[in-house]
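*Asks:* Those protein sequence lines, which keep their order, are chains B and C.
For the first sequence, the residue numbers in the working numbering are 1283 to 1532.
For the second sequence, the residue numbers in the working numbering are 295 to 574.
Honestly, the hints are just simulated from the structure, not real lab data.
One or more of the hints may lead you astray.
[To be verified] Keeping only pairs whose Cα atoms sit at most 27 Å apart, straight-line, the calculated BS3-like set for lysine-lysine is: (1) B:LYS1384 / C:LYS565; (2) B:LYS1421 / C:LYS569; (3) C:LYS565 / B:LYS1399; (4) B:LYS1384 / C:LYS319; (5) C:LYS565 / B:LYS1364; (6) C:LYS495 / B:LYS1421; (7) B:LYS1318 / B:LYS1351.
Below, each chain spelled out in residue letters.
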Amino acid sequence: MPSQTETRAPIVSLRDVRQSFGAFEVLNGISLDIHKGEAICIVGPSGSGKSTLIRCINGLNPINSGSIKVDGIEVNDPKLDKRALRRRVGMVFQQYNLFPHKTVLQNVMMAPIRVLKEDRREVEARARDLIAKVKLQGKENAYPGELSGGQQQRVAIARSLAMRPEVMLFDEVTAALDPETVKGVLNTIRDLASEGMTCILVTHEMGFAREVADHIYFTDRGLIVEHGEPQDFFENPQDPRTREFLSQVL
Amino acid sequence: MSNPAFRLKPQLCASTWRMPNLTWKAGLILLAALAISLQWATLFAQEAVPARASALEVLWQWIPYILEGFALNLGMSFGAMAIATVAGIFLGLGQLSRLRVISWPSRFVTHILRNSPWLVILFMVMYLVPFEIRLPGFGKVGLPDWIKATFAFSLPVLANISEILRGAVNSIPKGQWDSAESLAFTRRQILWEIILPQCFKRMIPAWMNWYALLALATPMASILGVRDVVGNTQAAMEAAGARPDLLAPFYLFVMGLFFLYIYPISIWTRKLERKYAIAN
């Protein structure tokens, strides 16, 4: 019995998650399940709570009630060592947030060495592979300020992957980029998803969402209004709010 | 914390002591003006009393003694700055602590010392700190006045460095904390390995400004009998017969000494300020 439920259990599971800033309800009872190897996209109008939702999954934002489980860890447990959770969950931000005083290679190597206490040579080999994977060979010794936004974002992805996470969170990672650099970042994420990395994306790139996601969630005012597989979601939306949103963005 | 004066950003603190358009050329002109007035003051005095050794000759004779005093000013400024830097960083970190038992006293000390006249702090330290202390294993150790003065000068500066550090840490974008936390760094690691290295560069111009202010304040110690550059200058004039015609050349010479020392620091500070303003 336990082994059976284990294999079928979702790697990330949210149940009735609520959060409010004062009287303003940001998350109004969100429930969703993500299984290992899945890529899901969360879409919706600005201010609908997408970013808040994704930041709750690695404990950057607290929640008022409900339950978030990641790989068996209860995120809402006040006694939780958040660092244990964050070792398993990588996160990439809209503003890249690379460490500006460190080179590309140092940015990627820092956390495995300082947090996981891994062997420097091993980490360096892995970091160089990851930098090659995000197509930035030759930029190992560049500083973030010398790179384009898209290149910085790919370094940020490599930096997260260096921790060998179980789940990757992407919070509007192309929203701040120049249009010509968006493609490289999306290609990197597409490769990751196709290799079986569990990905949770908040995005405004509908075409990309449709292509990459196994499942799409539409949020509005802190609620999941509608969800489904990409084809159904885009071609046959049920809820009027979804229809209105899609008519505006497509 | 409600007083807006306490919320000054480090960039603003840096502007409390700033001359417009500092250049080497302007510096040379000012120095030349100083030299000419010294010459003029001397000649004028000579005409008045031609029989005695000229004031310039007297000054020349006493220069080694005055420079000896100036060395003590430099020593006090280095010592005070070293104390202020180390203590100021820790006090600033104390202000940022999430524990109130640490952050509240740190803020209190910072604001008290930042908002007290330096001379009052100097007098208090001079009269409240004993002239000798008992160290276990060493017996009684004398505390010379210049050491007490050094400690006194470090107090207002350390409070300002504490405030500069707090401002610099708060000026680092919050995204740096977000991404570092997401990578499972501890708060201490984030502060020391990610946030502070970015702060130190931003703090350098303001830090240098406070050093210049501190060095210029050290002659206050002479009021309390420390044989610094001003103390020695006064002693020299006394020894040379307390002639009124000595006052101008001797004090102009002391001004020139400080000018030669501080002015390059000011230019350098300005350069760094401009450089980092562009880099950020």
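*Asks:* Hint by hint, note whether the structure agrees.
*Replies:* We went through each hint and held it up to the structure:
At roughly 24 Å between alpha-carbon atoms, LYS1384 of chain B and LYS565 of chain C fall within 27 Å of each other, so this suggested pair holds. The suggested pairing of LYS1421 of chain B with LYS569 of chain C holds, with an alpha-carbon distance near 25 Å, which does not exceed 27 Å. Taking the CA atoms of LYS565 of chain C and LYS1399 of chain B, the gap is near 40 Å; set against the 27 Å cutoff, the hint is violated. Our distance criterion of 27 Å between C-alpha atoms is broken by LYS1384 of chain B and LYS319 of chain C, whose separation comes to about 38 Å.
Distance hint between LYS565 of chain C and LYS1364 of chain B is unfulfilled; the C-alpha atoms sit about 43 Å from each other, more than 27 Å. Restraint check for LYS495 of chain C and LYS1421 of chain B: satisfied, since their Cα atoms lie roughly 24 Å apart, inside the 27 Å limit. Proposed proximity of LYS1318 of chain B and LYS1351 of chain B is supported: the alpha carbons are some 13 Å apart, at most 27 Å.
Hint compliance for this structure: hints 3, 4, 5 are broken, all remaining hints hold.
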